[in-house]
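In terms of my numbering, the sequence shown is numbered consecutively and its last residue is 801.
Where hints are given, some of them may not hold.
Dumping the calculated DSS-like pairs for lysine-lysine here, alpha-carbon to alpha-carbon at most 30 angstroms [what the hints assert, rightly or not]:
1) 797 with 722
2) 757 with 777
3) 739 with 587
Derived CB-CB ranges, DEER-like [stated by the list, open to error]:
4) 541 with 600: 41 to 51 angstroms
5) 726 with 540: 38 to 48 angstroms
6) 801 with 649: 40 to 50 angstroms
No lab work stands behind these hints, which were simulated from the structure alone.
Yeah, the Cβ is synthetic: ideal placement off N, Cα and C, and Gly gets one too.
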Amino acid sequence: MRICVALLALACVVAGACTPAAAPSATTSPSVHIKVGIQGVGGPLEIAYRRGYFAEQGLDLEEVPFNSGAEASQALATNQVQVGSGSPNAATFNALGRNIDLRIVGDWSHVGSPTDTTLALLVGKNAQDNIKSVAELKGRKVAILGAPGNVGDFFMARALQGSGLSLSDIQVSYLGASDILAALANGAVDAITINEPLGTQAQQQFGAKLLVPAGAVMNGSELSVLEYSPDFANNTDAATGFMIGYLRGVRDWNAAFHDKQGTADVVNLLVQYTPIKDANIWTTAPAWYVEPNGKINVSDLQDQLDFQIQAGQVKSPPDLSKYVDSRFAEQAVQKLGAQ
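Just need the whole structure built from these sequences, with the hints factored in.
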């Protein structure tokens, strides 16, 4: 999964998955067992889990690792897991278009400011003399992290659009996390789109230079969303209880990384319970943004769907209104108060 320590989710991209660990002691006896699909690291979720916020809602969590979004979506749709996360990409839209049933219930990560670099377009060291603007990318080799039809395509198209270019004006390739850094370092590509903390790594270790932050062209856009299985969505008490615990974790995350309150305690927790064991990464890479009230940017999801349809990546467009369900976040905010 994509983890952007900024997540993904998204956020840095971590190959492989988290190893589930023992749950914390509950303050009450948990009565509902919930399997949560994990792709890499979900910072706010992990905070909520380890601080016992779910147990306080009578929920007993089990983390189930997945290596891909496709695996996780299928498990959600068939109720093998009750909770997961996913990106608004062509694979997700096509799955919904085939009536694979899951519910989009909250924000997992989004582009949170005009300078947000959790997703960014970087120029390699060897190409910086010749590429000082987006217009100079014409005809150049650009690698996008992930598979065709992902949010990186949407970002790249938006970045090019401002200079009168489109994806057809550049030489696009799609690479995984390790390959994309190697290609940038050896000059096989001129520029890349990449998530944090890999973006910070590319700049610090390989001399890459920021050309366009995602915030400059897609501020407010969803990078990943929180999802429920259909059966879990019908269990209103448990589903709302999960959202209450999750949003408490989100607010702790935002306080630690955006307001700089309680940062050391949160970093210690994440170092202990996630695959990212270097505290410096957590404190230096831009932290991803999560909406503290769980609000989903539905109009942006539709924009991303429309883009993927036009790009030929989505063949059977879904009606998103059938799958977006904001009632759990709304009920949680009634309990917690709005931020």
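Cross-check of the supplied hints:
{"no.": "1", "hint": "797 with 722", "in the structure": "holds (25 angstroms)"}
{"no.": "2", "hint": "757 with 777", "in the structure": "holds (28 angstroms)"}
{"no.": "3", "hint": "739 with 587", "in the structure": "holds (28 angstroms)"}
{"no.": "4", "hint": "541 with 600: 41 to 51 angstroms", "in the structure": "holds (48 angstroms)"}
{"no.": "5", "hint": "726 with 540: 38 to 48 angstroms", "in the structure": "holds (41 angstroms)"}
{"no.": "6", "hint": "801 with 649: 40 to 50 angstroms", "in the structure": "holds (46 angstroms)"}
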